[in-house]
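Starting from the given sequences, assemble the full structure and let the hints guide the process.
Residues per chain, in single letters:
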Amino acid sequence: MPVLQFEERKYSVADGESVLECLTSQGAVVPSSCRSGACQTCLMRSVDGTPPAISQTGLKPTLRAQGYFLACMCRPTMNMEVALPGEEVAPRTSAIVVNKELLNADIVRLSLRCAKPIDYRAGQFAHLIRTDSLSRSYSLASLPSAEGQIEFHVRRLQDGAMSGWIHETLGVGDTVEVAGPFGDCFYVPGERDRGILLIGTGSGLAPLKGIILDALRHDHAGPIHLYHGSWKPEGLYLMDELRQLARRHANFKYVPCVDADATDGILEGRADQIAFQDHPELKGWRLYLCGHPEMVKSAKRRAFLSGASLQDIYADSFVICTPR
Amino acid sequence: MSLYASIGGEAAVNAAVEIFYRKVLTDDRISHFFDDVDMDRQAAKQKAFLTYAFGGPNKYSGKDIRSGHAHLVARGLNESHFNAVAENLQSTLQELNVPKEIIDQVMAIAASTHDDVLNL
Chain A
-7 MPVLQFEERK
3 YSVADGESVL
13 ECLTSQGAVV
23 PSSCRSGACQ
33 TCLMRSVDGT
43 PPAISQTGLK
53 PTLRAQGYFL
63 ACMCRPTMNM
73 EVALPGEEVA
83 PRTSAIVVNK
93 ELLNADIVRL
103 SLRCAKPIDY
113 RAGQFAHLIR
123 TDSLSRSYSL
133 ASLPSAEGQI
143 EFHVRRLQDG
153 AMSGWIHETL
163 GVGDTVEVAG
173 PFGDCFYVPG
183 ERDRGILLIG
193 TGSGLAPLKG
203 IILDALRHDH
213 AGPIHLYHGS
223 WKPEGLYLMD
233 ELRQLARRHA
243 NFKYVPCVDA
253 DATDGILEGR
263 ADQIAFQDHP
273 ELKGWRLYLC
283 GHPEMVKSAK
293 RRAFLSGASL
303 QDIYADSFVI
313 CTPR
Chain B
244 MSLYASIGGE
254 AAVNAAVEIF
264 YRKVLTDDRI
274 SHFFDDVDMD
284 RQAAKQKAFL
294 TYAFGGPNKY
304 SGKDIRSGHA
314 HLVARGLNES
324 HFNAVAENLQ
334 STLQELNVPK
344 EIIDQVMAIA
354 ASTHDDVLNL
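Note that the protein sequences, when read in sequence, are chains A and B.
Per the numbering used here, the very first residue in the first sequence carries number -7; after that it's consecutive.
Per the numbering used here, the very first residue in the second sequence carries number 244; after that it's consecutive.
Don't read these hints as lab results, they were simulated from the structure.
Heads up, some of the hints might be wrong.
[What the hints assert, rightly or not] DSSO-like mimics (lysine-lysine), calculated; alpha carbons at most 30 Å apart, straight line:
1. Lys92/A with Lys108/A
2. Lys275/A with Lys266/B
3. Lys52/A with Lys266/B
Written out as structure tokens, the structure reads:
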């Protein structure tokens, strides 16, 4: 008889019983509604292995890749350790600052080397934690490396407690804590010929850059089109690096956009609007949307209405923490 | 054969759910009810609703439907909105070339939720 490990307790699974039935009949609290694999209310995560394929039907590929499954559809044949979303404890490690470089007036590239490499996918995010426990989330712009080196792009916010400290005080050789990874906005290998459209504003470029590098590393063959927007040309960054990347890879296109004062090689207009004008039909495309929450929200809706499947739209809203 | 099997089971729900949700989002009569919802969660709810309307294996109760719509009734959800959603469901099925007698059965199940949705 298989045994489930859930919240520090063990539950034995009766013959043919689902994870949901097993846990709730023995007193555990797991939210559920339709109990037929449709509504996804009973989403859980397998901590120690791949859940049965049928219990992952209908989930986004990035959720499947992280071991998420529907408890009502999962009839375990072997022992499993399971958790509710958001309740898993993220691995934590200390990390040392190995490089700090201004990318434009407001954004710094922070390179850290983790004492214990974290197992992440480019485009996910992690918490940076200062010794006094002040903590903020930043997207991972790097590809995972054996040396445990990771990269963040930190935009300096007005009165930003963490970003101000990172920009002004944190120096090479200093130590911070990193916890993560989190999030389901990343590249999933396979289906190499499909188009990928990426739209980002400000430091929303960070996860997108990581996702692009990951796709290219996996020899993604379909078009990869990046639209990066800012309000003025000086808000853009990594332009040379991205233009070089476009020269090396025929399927990668980079379109920098600004709201005003466009100079040579930059389009004037909002990045999302220009991207959707260039791509009126998005059936079969994968979308990655990162940055300003309003942009992400409206772009998600527009992408769906332009024919993209919701399964293929990955979004990461950069919500600003307001100081207490 | 059950209604759910004759309409094509889960494959039919998958084919219908995004067409249906796009219609709902672009219908000015009702789209404002969907402005501030998480689209992934909402699509999952639409899928659960279609599974139910297609005679599928959901274990919904009138109480679930009632409590799930109470906040919308408070925001003015009424008969005309209910009918608009039903129209969108019907045109989705027509677009997918579902035979008329099956559409009629689906619409009857949808109509049976009327009092619970509107909290009557």
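Comparing the hints with the structure gives:
With a C-alpha separation of about 20 Å, the suggested pairing of Lys92/A with Lys108/A holds against the 30 Å cut-off. Proximity of Lys275/A to Lys266/B is assessed by CA-CA distance (about 16 Å); at most 30 Å being required, the pair is judged to hold. The straight-line distance between the Cα atoms of Lys52/A and Lys266/B is roughly 22 Å, inside the 30 Å bound, and the hint therefore holds.
Of the numbered hints stated above, none is contradicted by the structure.
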